[in-house]
Structure formats: C-alpha cells, structure tokens
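With the hints as extra help, turn the sequences into a complete structure.
Line order of the protein sequences matches chains A and B.
Going by our numbering, the first sequence opens with residue 1, and the numbers climb by one from there.
Going by our numbering, the second sequence opens with residue 1, and the numbers climb by one from there.
Worth flagging that the hints you see were computed from the coordinates, not collected in a lab.
A hint or two may mislead.
A pair holds if it fits inside one copy or across any two, identical chains being indistinguishable in the list.
[To be verified] Pairs of lysine-lysine residues, derived as DSSO-like cross-links and limited to a Cα-Cα distance of at most 30 Å, are as follows:
1) LYS580 - LYS477
2) LYS580 - LYS248
3) LYS119 - LYS258
4) LYS248 - LYS55
5) LYS132 - LYS303
6) LYS71 - LYS138
7) LYS513 - LYS187
All values derive from a computational prediction rather than experimental measurement.
Listed below, chain by chain, are the residues.
2 protein chains.
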Amino acid sequence: MRYTAFFSERAMRALRNPGFYKFAVLVAVSGGGVVAYADAGSDHGPENMQAAAKKKLLVLGTGWAGTSFLKNLDTSVYDVRVVSPRNYFAFTPLLPSITCGTVEPRSIIEPIRKIMKKKSVPAKFYEAECYKIDPTNKKVLCRSNIGTNLDGNGEFDLEYDYLVVAMGARSNTFNTPGVPEHCHFLKEIEDAQRIRRSVMNCFEKASLPNLSEEERRKNLHFVIIGGGPTGVEFAAELHDFVREDLAKLYPNIRDLVKISLIEAGGHILTMFDKRITQFAEEKFQRDGIDVKTNFKVVRVTDKAITMTNPDTGEVNLPYGMAVWSTGIGTRPIILDLMKQIGQVIHEISILYLLWFLKIDVIIVLLSLDVLQGDRRVLATDEWLRVLGCESIYALGDCATITQRKVMEDIMAIFKVADKDNSGTLTVKEIKDVLDDIIERYPQVALYLKTKQMKDILDLLKESEGDVVKESVEIDIKRFKKALAQVDSQVKMLPATAQVAAQEGEYLARCFNKMKKCDENPEGPLRIRGTGRHRFKPFRYRHLGQFAPLGGEQTAAQLPGDWISIGHSTQWLWYSVYASKQVSWRTRFLVVSDWMRRFIFGRDSSRI
Amino acid sequence: MRYTAFFSERAMRALRNPGFYKFAVLVAVSGGGVVAYADAGSDHGPENMQAAAKKKLLVLGTGWAGTSFLKNLDTSVYDVRVVSPRNYFAFTPLLPSITCGTVEPRSIIEPIRKIMKKKSVPAKFYEAECYKIDPTNKKVLCRSNIGTNLDGNGEFDLEYDYLVVAMGARSNTFNTPGVPEHCHFLKEIEDAQRIRRSVMNCFEKASLPNLSEEERRKNLHFVIIGGGPTGVEFAAELHDFVREDLAKLYPNIRDLVKISLIEAGGHILTMFDKRITQFAEEKFQRDGIDVKTNFKVVRVTDKAITMTNPDTGEVNLPYGMAVWSTGIGTRPIILDLMKQIGQVIHEISILYLLWFLKIDVIIVLLSLDVLQGDRRVLATDEWLRVLGCESIYALGDCATITQRKVMEDIMAIFKVADKDNSGTLTVKEIKDVLDDIIERYPQVALYLKTKQMKDILDLLKESEGDVVKESVEIDIKRFKKALAQVDSQVKMLPATAQVAAQEGEYLARCFNKMKKCDENPEGPLRIRGTGRHRFKPFRYRHLGQFAPLGGEQTAAQLPGDWISIGHSTQWLWYSVYASKQVSWRTRFLVVSDWMRRFIFGRDSSRI
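Shown next as structure tokens:
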C-alpha cells in the first residue's frame, strides 16, 4: 500500500500539471490484470510456465540480435516461430568487403534453418515480411515477400505470448531528395552486391568509345556520403580494389578514377579516438581519397550531388556512383508500433480515471516523451522490454535501452535504503543497498570510476566538501546533493552488431531461466516495488571496434581506450573476424576468400 | 574463262527456272572488285597486310567461340576490338551446377580483360550490346546495356575490316505462349542465379503457415521442359540438392517435393547412345523424377503448364517453378543480318543484269535458300566465312558450316582431276587429286570409313560392281555414279561449347597466319578456281560428351562410341572439367567449391 500512496502522489501531481495530456497513465491491476503491466513492477508476467501448452514466442528478424537470441535460446521450452524477410543470417561487418569482392556474399551468410538444425526442437521459420504489430490482440501480420502466385497472396498472421522485435533499422536519408532513387545503401547483402555491380558498370561505361574525358571522369567519380565506420571502410576497400586490381585491367582510365568522402561534421570517424580519426584522414589524403568535411548533401539527381558548405555555398558534384551511409533510421512498422503504444496508453488513462478511487491500483505515470514519443527507436527498459507494452521485447538497432535516472527515483532509493524509517541514512545503510543500486543504476559505478573514487564515502565527501565519517546521518536533501551528478554518466549504447549480439544472448538466457527466476529472482532490489527483479539488467561489455583503412592497415579502439593502428592490427582484424563467424562453414569460406584474394586478386566480372 | 562458261551455264539454267526471283546472283569482278566476293574464290581478301595501319578486327561476343578466338589470336597483328554485353567468359557446362550452389557463379567466370592482359597488345573491350550489323558500310551499331546516364545514351558504332560474329544463340521457345513470362531459361549466369533463388523461393513459400497441402505440393513441383543434356543435368542436380541438403532443412515438406521432366520426343538424351538414354531413364525412375515423354507443352500460365499427348489430350500441370530448356533459337540481330545479306545479293543481281554481256565476270548462282533464307543460323563456308558476305566470319552457336556437296561440284572436280583434258580419268589421275578432294569434301573420307573401304578403288568397284583395274578410264557419268552416295555423310555440327571452342581456335590460327598463307596457301586445290585455298578448312574433332545424372554418377560418350557410365565417370567428369577451366583461378575455385560441397553441403540462403 505504501507504493500505491507513493505513486498516487505522483499521479495527483501530474493531474495538477497543465501538460497532463502529454502524460499517460499505465494501469496495472495488482495480482494479474489483463490490460497492461507497469514498468518496474512488471517483469513478472502473469504467464504460468506450468501451463500444458508451450508459450508462443515469436521472433521478428534474423540479424545480429535475432540470430544471437535464437542461437542461445532453449527452443524446447517455448513454441518458437521466427519471421524474417531473409532466411539467413549475414555477418554484416564484412559487407564492405563484399562490395569489392574481397569476400563473397555466400561466405558470410548462414541459413537460419541450418543454425536451428543444431537445436533439439528447431524453431519454425517463415520467410516473410512482418508489416504490422498488433500489441492489443497480441498478433503480428505478415506477408510473403516472394512472388504472388500463392492463394491469398501469401498473407498470414501469427499470435504470440512473447514477441521479440529484432528487425533492425533502415538507412536514414534525412529526407534528402533523390537519395532513394540515385544512391546505394550498404545495409543488406543485396546492397553490397548491387554496389559491386555498379562499380564495374562505372568502369565499363567509362571504357566505351566516343566519350569525352569529362564524361569518363564523371563515371569514375565514386562518392561516399557519410564518414562513419561503414563509409570509411567502403572508401578504403574501393581504393584498394581500384589500385590493386582494376588499375591493371583498365590501364587507359586508371588515372581518371576519383573517390570522394563527404561528411557533414568536421571530421570522419568521430566515434573513434582522435588519434584514429587523424590517422585515417592523413592516410586517405596520401591515398588520394578526397575527404570533404563540413559538407551537407542537400539533393541528389542522376547527374550530380548537390552539397552545401558555409564557405562555398551550393556545390554540384558530378558522379558515377554514390553510396549513402549516414546512419540509421526507423522502419515504418516500428514507428507504427510506437504510435500504437502511445494510443494504448492514452486509452488506459481513461480506464484509470474510471477506476481511480474504487480499487487498489498501482499507478505509474510516465511522460509520453519518455515512453515512445519523439524517439528514433523503440524504448525499452534495462531488461529489453518495450516500455509501455506488455510482452514485447525489442533489441538490436530497432531499440534503445532507457536507463532509469537516479534522480527520478531518488525518493524511492532513499526509502529503500532507510530501513529503520528514521528519515536519515547512515553510511552503513547506504553501503547495504549500494550493490543493488549500482546494479540497477550502473551510472553510479561509472561516475565513481570517472572521478576515481573508491566508494560512496568519496561521493558524499565531494558533495559535503569535507571528510565524512561512518557515523554521519544523511537526510534526503544531502543524499540528493551527493548523487546529483551521477546521471551525467548515463550512456546510450551504439547501434552496432556487438551490442545487438550481446542483447540477443542476454535475452535468450533470461528466457531460458524464466521459470527458475520467477521463483528465485536474481536481479537487484526493486526500488519502486517489493522484492527483487527477476533478472539482472542487461549490461554491455565493449570489446573494441575496428576501422579498416585499406592497404592492409586497420585502426582499432580496444577496451580501456587502447588504440592500435597499422598492419598488425589488420591481422588482429583478420583473426577476430574469422573467429566471430557463425559457423565453421562460413569461417572456412571467409578465410579461403581472403587467401584467394591474396593469390588471385579480386574478380571484376559484372555479375 | 572455263569457269565463266561453267557458271554461266548454271546462270542460264536459273534464268529459265520459274522460281528465279528466289535466286540471287553473286557477282565477283575478278582481280579485286569492291562490291562483293564470290563464295569459293574469295578467301583471298583485297586487304593488303603491308598497309601501315593495322586492319580493324571486330569480335562480337565473349562466349566459347569468341573467347577461344581471342585467346589464340595474335592481337598485335590487328587492331582488335571486342564488343559483348558481358565483360567475362563463363564456363557454361557448369551452369546446371550453379543452379543448386554446387559451384558458385564467380568460380566459373573469368573477366575478358584478365584473359586479354596476358597478350602483349590487349584487345580493346567494350561492354555493350551490338544491335545492328551493317555489312554494306562495314560497321556495327552498339549500345551500352548499363544505365542511361551517359550522354547520347551510350550508343556508338564501330567500323571493321574483319568482323567475327560469335554472339551465340538465345533459348528457343517455339513461340509457346507464356514461356518468356513464366519459365526460367538456362543459358546465362544470371539465369542460373535466378533459378537458384527461385528454388529457395519455392521451398520458403511452401513453408509458410496456413497453406493447404495442395498448395504446398504445387509450390514444390519443379518442372523441366526439354530432355536434352542441360535439362537432364539440371533435374539431376536439383534432385541431389533436395535429397542431400534441403530435405534436412525442410523436414516437414520434404515428401511433397516432385520433379518432372517433360520431353516432346519418345526418349530423353536422344543425342546420346541408347545405352545412356536407357540408363538415365531408369536412374530417374528410381530417383522418383517423373519423366514424361511424348508430351508437348502448348501453354504456360502462372498457375499451370498445359501439355498435350495423343493419348491423354490436354493436361494441366500445376507447378512451382519451370525451367525451359528445349534448344536454341536465332538472335534477332542475326536474323536481321541474314535478311540484309539476302537484300545485298538481290541488289547485285541487278548489277549483274547490266554488266552481263559486257565484261569478263565470274557469276555464281546460289539459291537464297542455300545462302541464308530459311536457316536457323548464319551459314558459313568451311573456312567459317559467312556465305554471301564479305569479311564477316561467324562461329559458335550463331553459325553453321555449310559443307559443299560433292555432287554440286562434280563437274568441276572432274575437270580439275582430268589434267590431260582427255574427258576421262585414269585411276592415277583420281589418286593425284584425292587428298585435296578429301580435304575439301570430308564426307568422302567418312563415306569410305563407314563402308569400310580402303581407297577410291573400292568406291569405283562398288559402283561398277566389278574389280577396277588401275588402267581403267572413267568418264564423267561413271565418276558421278561412283560418288553419288558420299554426300549422305555430310554432318551438321552440334551446337556445343566444344565445337565453338575449336572453331574459335581454328579461326584465330587462320588470322595469325593470314599474311603467310596469302603468299603460300596451305589449303586444298581450288575446285572452282585456280591455285589453292589459303587455309585448310575447319575440321571438328569430337572429344566426347558427358551427361551427369546425379548421385555422383555420370554417363559419357567418348570418341569411338566408347560408353562409360557410373561413379568412375563422375571422377573423369571432375578431372576433365577442372582441367578445361580457362584460368588457374577458376580451376582453383571450382575444385574448392566441389570440396566445400563435399564437406559442408550446398548453401540454401535465398540471395
């Protein structure tokens, strides 16, 4: 009842707030309601694992997140179905290598059914595009994306008890006109194949007779828009392809080739350490790759790319091929789901008004903005559960984890720590709950580490400006002051394969031990509820990131901000990427592709 | 003058013939006219190899014939240009292996530029589609087949002194409605890739939920139309793919798969020995491949294939995927060239009427039918020169060699042999010219071999019905009678890679020694002219033919009608196909593809 009072207080405050309608109310009938479950108190589902029928677990997507989830899932416990428009998993970090034939497409893909075959009970796989998620009726609507000679056009719907959304993202064009029509993206295997064909097209077109030199130059101008890791790696691969292979086969036009890399910001590879950025920029300059920073592309036509810069104004760049790689955007189906969740919450708020004073309810008020309003991607809690949406989990590029802020929960944290209800905390009381707090709010540990503090005493000392004794009593005001800065350490996870894979593995383990953890929760203390969380929250372990720069040189930013650049790092890259392959088959193929490239070079046939 | 009289006689006969307008007149001004050159007397061109500028040699096509020609050509002697819509050579006998992923597409293709790079003076290559040959102005019109953002849409024309047409053929649909829209062909790399995708599509479609079993069966019904080597090999490959790989990945639908092979004739593989046909039919029956002989496909829609049989009438066959492989047809550009050549001859016939009695002309009358009229493909002489067309050579599937008949030239042969102009031939006189006759008319040797005769004496004996003495004198009537049957041994060459490759090599050697042979002709005596032919005529050496039947079993028909069937022949197949690869790169890749398939199976990803 304490919690009811606590949340009701927040609810009343919200009602007084003139922006109430920007807020939504989540209602959870304690003891197992049917409508919706609140955020913190709800990673206990109403589902009974003892039920005779297996729970329906539906997975959307077979990318890094989905495949990692499926590989680690005990598929015998659930009735697992997988829907994806691709019946294979692709090792996307090698996509830039495919654009130039350093590695063949089939060497980096593995059929999902083959991955599933290793399970005692394989998941059912449907090759189809999911075009609508209906969280109210717990079902998804799908459509076969292959051909039309099926009765009913290959449309079907699937029900679920748990839905795992791992659909990834699409390329973000920032609504720049002409981009979808004239630029290549680099997200799928097919994109990489198209780019490879297109590169050869440009060389063949430039070799035709009766062309002006200007026209030849235009066709051999390769423009990459976006100076992130993908764009940079593609530029490097293309440069190697041209220098090592094509220059020999097209001797007459080799000197007309130009590669330009356009970046809206001041530098390329900004997510890396400055030393890597600088090395990359210098190497590209030596290689003759034209890095144009501070240029924003405003329009693309079939003839030219138009970009602006404060100094030059609009500039037209004639081009032969353009690759757009400026980051990721949200898929329409995810946007639609986010909109629906907003609506669902709004409807519940009316329910709440009706039920408000009559029954025992736990009310959680969350700003729509915090929920799903103006986000790029689906917001989830630290257990990868979509905020405001029952039984839906989201991971990978289509989702982002919303780390609870300490300051949002500071009152509740204080109350949990204040075991004797004295209204003040002793250092011992704080230390007793510190592990749970750090587990629930990892920004606390990060803050301590950043400030090179040993423990919470140093934190109190900093805010008090004096030595803090073990015996000191701290009230809520001083507690707030001490923790005021920790939320600055809340970090968004990058949209990388590494994050997605770890999320998939984490979520699979949660599903595997769901029954066990329902009985013996292993997570941290609930701050805004009773007992413990069922699972430990997801924690990302950064293992480092590579930036191949061509010419058998790679830069790497390894854990602990260790920087490594050069030929030896390229060999590290080879060994890491070989070892990370999803099967022995792809490992063998990727390595033999590399060998083939060393011996015979890359193939320049236009298929 | 002797020849004038001889040909004039034929001309007069033609003029008396009421079907004259179906005939055309070829005029060759002796001593080097500019208009046209007659058939037999014209493999001396007017071209002077001493000229400062190199002769322009234009090659259309980079298939078996074109590539074999280019590989063997001394490219430093001519100004060589190559036009082809594909910048690579494909080892087409392995196309059926690509449809199921036994071999990867890039393992059997080699860029033309890479093949050219080994030459001291590489040929210029243009990736474009030639859409018109203009023999009057000695030029070809081409169009880039890649993209449209070139000024002038990538159209250009090229002039030539010699034109080598090696454009291959297209699939022959026999104008069956619905075939181009709904059936796959199997001629190009892209066809094989599409088939592979389509096979996987069918399996994925059949795996979707909510389908009736009938619908699943329909989607898993693979129909191959045409029981030739390609169709049979594809059926065998597909059967292996399903049995060895897909059955494990799609266990629920494995029993619904059906493969049907439809053949209009009474048997499959009719070009092979009966033992092979029988073995193949029995093996397919054991494998469950439904071989439907004596069925003619009359219509294909998106739902079903309609075929007829005298016993059953029209039968509808619902299908998931259909592959059409019933032989080859003529490309429109070749048809157009054939039509043009007819017109050119017609125009010359007017010239002939004007010049008829005024100057010394050699007139050759050839039926339009014999020339290019109702042929499937371009007719060439035994030196691969297009009949009735100056400076154009044709080889491979787009051409066929018209072997001169002995009986057409019997008068001339008699005159050449009759050195003393006695009006009769002695056996010695015949023996003196026999080697030349056999070289020019290989059917003579074939006939002797078939009849198990040792020499021409046996032939005379057969027609005389008595022993022929060396001293006997033979007049034209008895000579005609003796040779009356030999033309029955004139054989059309099959449209195979082997023929095309040998033709390419032969023609390249002719071009390489053209200067030398202009001075010292090495060919047989001219029958209807003076001196010798410049080159020996093309002679095909049959090295045998394989018919892979799946399950690691292959049938082979080797030279001398030696038949070999079974697992050991499969290993022969492996070694022959590995050794025949165009480069060490493709050899390495094909062998490693085979190894990969043995170890890991075929990939079932739908890309």
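Give the relationship of LYS248 and LYS55 under a CA distance limit of 30 Å: within one copy only, between copies only, both, or neither.
So LYS248 and LYS55 pass the 30 Å test across copies only (26 Å; inside, 60 Å).
Intra- versus inter-copy proximity for LYS258 and LYS119 (alpha-carbon distance at most 30 Å):
between (50 Å within a copy, 28 Å between copies)
How would you classify LYS580 and LYS248 at a CA-CA limit of 30 Å: within, between, both, or neither?
between (34 Å within a copy, 25 Å between copies)
When no copy is specified for LYS513 and LYS187, does a C-alpha distance of 30 Å or less occur within a copy, between copies, both, or neither?
neither (34 Å within a copy, 54 Å between copies)
Intra- versus inter-copy proximity for LYS303 and LYS132 (alpha-carbon distance at most 30 Å):
between (37 Å within a copy, 29 Å between copies)
Checking LYS580 and LYS477: alpha-carbon separation at most 30 Å within a copy, between copies, both or neither?
neither (50 Å within a copy, 85 Å between copies)
As a check of your reading, is LYS71 near LYS138 (CA-CA no more than 30 Å) within one copy, between copies, both or neither?
Within one copy only: 24 Å inside, 65 Å across.
Hint compliance for this structure: hints 1 and 7 are not met, and every other hint is.
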